[in-house]
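Visitor: Take the sequences, apply the hints, and build the full model.
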Amino acid sequence: MNVVLFNLSLLLYLLSTASYMFFLVLKKGLFGKVGYYLILSGCCIHLISTLARYFHAGYTPITNTYESLSFLSLCIAVFFLYLKRIYKIEILGCIISPVIFLMLLWASSFPSDIRPLPPVLDSFWLPIHTVFSFSGNAIFFTSFFISLIYLFVERGIKKKRFPSISARLPSLETLDLINYRCMSYGFPFLTVGIITGSIWANTAWGSYWSWDPKETWSFITWITYAILIHNRLAIGWRGRKTAYMMIIGFLFILITFLGVNFFAGGLHSYL
1 MNVVLFNLSL LLYLLSTASY MFFLVLKKGL FGKVGYYLIL SGCCIHLIST LARYFHAGYT
61 PITNTYESLS FLSLCIAVFF LYLKRIYKIE ILGCIISPVI FLMLLWASSF PSDIRPLPPV
121 LDSFWLPIHT VFSFSGNAIF FTSFFISLIY LFVERGIKKK RFPSISARLP SLETLDLINY
181 RCMSYGFPFL TVGIITGSIW ANTAWGSYWS WDPKETWSFI TWITYAILIH NRLAIGWRGR
241 KTAYMMIIGF LFILITFLGV NFFAGGLHSY L
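The working numbering puts the sequence shown at residues 1 to 271.
Derived by calculation from the structure, the hints in this document are not laboratory data. It cannot be assumed that every hint is accurate.
Computed list of lysine-lysine pairs in BS3-like fashion (alpha-carbon distance at most 27 Å, straight line) [said to hold, decoys possible]:
(1) 84 x 33
(2) 27 x 84
(3) 158 x 241
(4) 241 x 160
(5) 28 x 88
So the derived label-pair ranges between C-beta atoms look like this [claimed, not checked]:
(6) 111 x 230: 40 to 46 Å
(7) 254 x 47: 20 to 26 Å
(8) 78 x 258: 19 to 25 Å
(9) 151 x 124: 38 to 44 Å
(10) 106 x 151: 22 to 28 Å
(11) 148 x 7: 27 to 33 Å
(12) 171 x 110: 39 to 45 Å
(13) 28 x 209: 51 to 57 Å
(14) 30 x 231: 40 to 46 Å
(15) 11 x 233: 40 to 46 Å
(16) 7 x 159: 43 to 49 Å
(17) 11 x 188: 32 to 38 Å
(18) 111 x 203: 24 to 30 Å
(19) 210 x 240: 35 to 41 Å
Nothing here was measured: the structure is a model prediction, and the numbers come from that model. Even glycine gets a Cβ: it sits at the ideal position worked out from N, Cα and C.
Guide: Laid out in structure tokens, this is it:
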């Protein structure tokens, strides 16, 4: 059942992507609204699919590549819907919707069968650590695209070139505010994820911190965002500096989430 629902959510995300593309090309607000409701529907079905897998498996389904990509996509969709409700940024859906679809499509290329939980993952900390970590990653994932939009708008203003799409883009002030909101939400999630992960590591391996590749890159990522938040609050970093640091932080998240799993191995290689 959960696979059927997963495929249905994949279809809805695809239709949402198509609708947003029509919105981008034809400049018709109706397509933007349809795209939003399709991604909302896809998110709801996606959530039900995840819950169905949870009850079927008997554990939090964030234990392999298929489940991890699926859950990260779900978190991104939820955070996008939150931002859309507050800031009414239609253009963000043109980026987020295809990203979610492609991520789920990629997830579908991995085995989706439910397997016995490895002993190291059979822990009270599994849902706590993974939900906080993935939520933080999803927020910073979204901020990466906000930062790209910011740099695009700023470049257009400086060169006095305003493509037709510019009229549908938020102001620089709004984009910078959204980035700050992403920082304010994402950093605590990331921090709790690292703390709970270290507690879990002590339970599983007898050490709070072993400088495993994933732990090391998680720490580097945390330091990057900590510097960004400090500089924003202490010396008033705004705009372009924030956007560039958000992009750098996101690249470190990619290394932590994908690069380490596929290339570095270590204690987290079971993913």
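Visitor: Each hint: holds or not?
Guide: Verification of the hints:
no.: 1; hint: 84 x 33; verdict: holds (11 Å)
no.: 2; hint: 27 x 84; verdict: holds (18 Å)
no.: 3; hint: 158 x 241; verdict: holds (16 Å)
no.: 4; hint: 241 x 160; verdict: holds (21 Å)
no.: 5; hint: 28 x 88; verdict: holds (15 Å)
no.: 6; hint: 111 x 230: 40 to 46 Å; verdict: holds (43 Å)
no.: 7; hint: 254 x 47: 20 to 26 Å; verdict: holds (25 Å)
no.: 8; hint: 78 x 258: 19 to 25 Å; verdict: holds (21 Å)
no.: 9; hint: 151 x 124: 38 to 44 Å; verdict: holds (42 Å)
no.: 10; hint: 106 x 151: 22 to 28 Å; verdict: holds (26 Å)
no.: 11; hint: 148 x 7: 27 to 33 Å; verdict: holds (30 Å)
no.: 12; hint: 171 x 110: 39 to 45 Å; verdict: holds (41 Å)
no.: 13; hint: 28 x 209: 51 to 57 Å; verdict: holds (53 Å)
no.: 14; hint: 30 x 231: 40 to 46 Å; verdict: holds (42 Å)
no.: 15; hint: 11 x 233: 40 to 46 Å; verdict: holds (44 Å)
no.: 16; hint: 7 x 159: 43 to 49 Å; verdict: holds (44 Å)
no.: 17; hint: 11 x 188: 32 to 38 Å; verdict: holds (35 Å)
no.: 18; hint: 111 x 203: 24 to 30 Å; verdict: holds (28 Å)
no.: 19; hint: 210 x 240: 35 to 41 Å; verdict: holds (37 Å)
The structure is consistent with each of the numbered hints, conforming to all of them.
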